[in-house]
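Which chain is which? The protein sequence lines are A and B, in order. Start counting the first sequence at 1; every next residue gets the next number (the UniProt record's numbering). Start counting the second sequence at 1; every next residue gets the next number (the UniProt record's numbering).
The set of hints was computed from the structure by calculation and includes no laboratory data. Just so we're clear, the structure is a prediction, and the values are computed from it rather than from any experiment. Incorrect hints may have been included.
[What the hints assert, rightly or not] Residues of chain B clear of chain A, computed beta-carbon distances all greater than 12 angstroms:
#1 A35
#2 R55
#3 S62
#4 W129
#5 V167
#6 W252
#7 M297
[Claimed, not checked] Derived CB-CB ranges, DEER-like:
#8 A:R121 to B:P306: 44 to 54 angstroms
#9 A:I12 to B:R209: 37 to 47 angstroms
#10 B:M297 to A:R64: 45 to 55 angstroms
#11 A:R73 to B:L283: 47 to 57 angstroms
#12 A:F90 to B:Y30: 15 to 25 angstroms
[Claimed, not checked] Coverage of chain A stretches by chain B, computed from C-beta distances (three or more under 8 angstroms per stretch; other residues unrestricted):
#13 123-137
#14 293-303
For glycine and all other residues, C-beta sits at the position ideal for the given N, C-alpha and C.
Protein chains: 2
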Amino acid sequence: MQWYFVAVLLTILTSSQGILTTLSQSNGKYLYDYATVPFLAEVFKLLLSTLLLWRECRISPSTRVTTEWKSVRLYVIPSIIYLIHNNVQFATLTYVDTSTYQIMGNLKIVTTAILFRLFLRRRLSNLQWMAIVLLAVGTTTSQVKGCGEASCDSLFAAPIQGYMLGVLSACLSALAGVYTEFLMKKNNDSLYWQNVQLYTFGSIFNMARLVLDDYRGGYENGSWWQRLFNGYSITTWMVVLNLGSTGLLVSWLMKYADNIVKVYSTSLAMLLTMVLSVYLFNLKPTLQLLLGTIICMMSLHMYFAPPNMLVDLPTQVRAAPESLKEVAVERRTDS
Amino acid sequence: MQWYFVAVLLTILTSSQGILTTLSQSNGKYLYDYATVPFLAEVFKLLLSTLLLWRECRISPSTRVTTEWKSVRLYVIPSIIYLIHNNVQFATLTYVDTSTYQIMGNLKIVTTAILFRLFLRRRLSNLQWMAIVLLAVGTTTSQVKGCGEASCDSLFAAPIQGYMLGVLSACLSALAGVYTEFLMKKNNDSLYWQNVQLYTFGSIFNMARLVLDDYRGGYENGSWWQRLFNGYSITTWMVVLNLGSTGLLVSWLMKYADNIVKVYSTSLAMLLTMVLSVYLFNLKPTLQLLLGTIICMMSLHMYFAPPNMLVDLPTQVRAAPESLKEVAVERRTDS
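Here chain A stands alone, though its shape is the one from the complex:
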């Protein structure tokens, strides 16, 4: 399976995630407890991965499976990071409004690339760094509040703690992704075995979260397992399965591609959702959405296109002698 097919599929499913979630509402409200969705998605991923692992072990006896606790215990770390991240997210939202929070969320594109370089030691060319910044700029541009919007709080008016927490949130998001990629690429274990470890801890943490919510709520709504499927429609199940599927695709990309591919997939998904919302939910098409889309497309091309396709300078060379050397060697293509 080529990584770009998986990336495109992730883009489509991430986009449909937002749309399905909106469709699963009734009159703008959730008839079900939304907190149960991530838990069921983890369970779904765990069950499916277990099944696929079992099948793989039967077919191919040489399937690598590292079961030493020293290695297995590392798979709890992403769940811990996500836990801290969720709490930081919550704290940030006490200082800034949701649109400011959404705009700050674009920083995780840049923090992911920085940790990609620092932690995984993957080097990017200057052009690729510019592409990363442009991706963040492009997504932010599409989110700029236009003329005539109802509420108009200034982006720059929140307390400084809000911005600091926003940056921290972006760093934690990046850390979780980068650490997961580190785990998946650490050895040649079966992808499904790695998933099983990851999602076992994920399910435990999500379950603990539901238990904690019950405890804090004073068991008003009964225990979580009693109301687990309350208000679930077909659409809600689709939300669960969709969320689980995107998680599995991300896992695959972490092992066979990298975090930058994932970041591009999810960022373009955000744009795709906005474009589809113009047709599905009568969102007003804006100039900034068009501009943001153009910028992100450029960024995609700048990052992934082979260099010789970008900078093939035909016969007229304007710059320093070094580039003359390149022109002599590169295969000339007529533009």
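For this one, chain A is given, so just place chain B on it according to the hints.
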């Protein structure tokens, strides 16, 4: 004189043009007839160029000066194009509002590059084409009307003729620039001699315009030469000299650099003016101004940086075998 010094100077002077023009107003009104300013600027450029030509001929007897009418008559063409352009501009503004017009004005960045390629046969790499589009996107982004602006007409709501005229206006703007570059580079004539021809026709056309304005106004305000300097303050003279100076710099760039350099200078000047206006005129700093500035800076780097500085891929090569060939030849620089 290196072209980048001239380009930076042009950026500064173009930016100060807008600021000086605003400063020359009294309570938002012009105490002088603004239509006299371009005319006096042409005369200033003509006088200065004549002086510099005379000086050059004295110092260097081998100064090339083509005086055949066959060649001289071509220098009227830019003035004709500008005349048509002004009329199209006027017609466009009967269909669209000024902010839509300003945004469509950014198209001339792209049309200039297209005519640069088609008419002057100057080839650009794919990356440079992307840089051009990003420059137009960046300037447009900075002009996106934000939340809380007073008037909120939709960008997409004008009649189709408005957009067609806007595109035509951008094409004419580009044609004028590209034809001027063609003239300046056609032969090795003295720059000042070429300027003298250009500005003689320019002065004549501007004078004709003033005469026509008088005629249409029924000579209510007397003849133009009677009210030429009415209401002129020091600041107004600075506006005239500034406008003349930018014209001379553009002329130099047309001969010793090219239209793309000029386009970058004037686009960045627009951003510089907006940034300065935040401090000078209390313009509200917006997210779109920040985003637009980042995009234009990236564009500048992408267009002008030597390719090997952009795509130096260090030891880990991700792409097709062709790039391996490049890495072997390129001078490795540590990022």
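### Task
Evaluate the condition: distance from the CB of B:V167 to the nearest CB of chain A exceeds 12 angstroms.
holds (16 angstroms)
### Query
Is it correct that the beta-carbon of B:W129 has no partner in chain A closer than or equal to 12 angstroms?
violated (9 angstroms)
### Task
Decide, holds or violated, for the assertion that all CB atoms of chain A are farther than 12 angstroms from the CB of B:S62.
It holds; B:S62 is separated from chain A by about 28 angstroms at its closest Cβ, greater than 12 angstroms.
### Task
Could you check the hint for me, namely that A:R121 and B:P306 are 44 to 54 angstroms apart, CB to CB?
violated (26 angstroms)
### Task
With 12 angstroms as the threshold, tell me whether B:R55 passes as away from chain A on beta-carbon distances.
holds (31 angstroms)
### Query
Would you say B:W252 is clear of chain A, with no C-beta pair closer than or equal to 12 angstroms?
Since the minimum Cβ distance to chain A is about 18 angstroms, B:W252 lies beyond 12 angstroms and the statement holds.
### Task
Please test the hint of 37 to 47 angstroms on the beta carbon pair from A:I12 and B:R209.
Violated: the Cβ-Cβ distance is about 58 angstroms, outside 37 to 47 angstroms.
### Exclusion check [B:A35 not at the chain A interface, CB over 12 angstroms]
Non-interface label stands for B:A35: nearest chain A Cβ at 32 angstroms, farther than 12 angstroms.
#### Entry: Range hint 15 to 25 angstroms (beta carbons of A:F90 and B:Y30) holds or violated
With a Cβ separation near 56 angstroms, A:F90 and B:Y30 fall outside 15 to 25 angstroms, so the hint is violated.
### Query
Does B:M297 sit more than 12 angstroms from chain A, CB to CB?
violated (10 angstroms)
#### Entry: Consistency of beta-carbon spacing, A:R64 to B:M297, with hint 45 to 55 angstroms
holds (48 angstroms)
#### Entry: chain B over the segment 293-303 of chain A, status - at least 3 residues with CB closer than 8 angstroms
holds (count 5)
Hints 4, 7, 8, 9, 12 from the list above are not met by this structure, while the remaining hints are.
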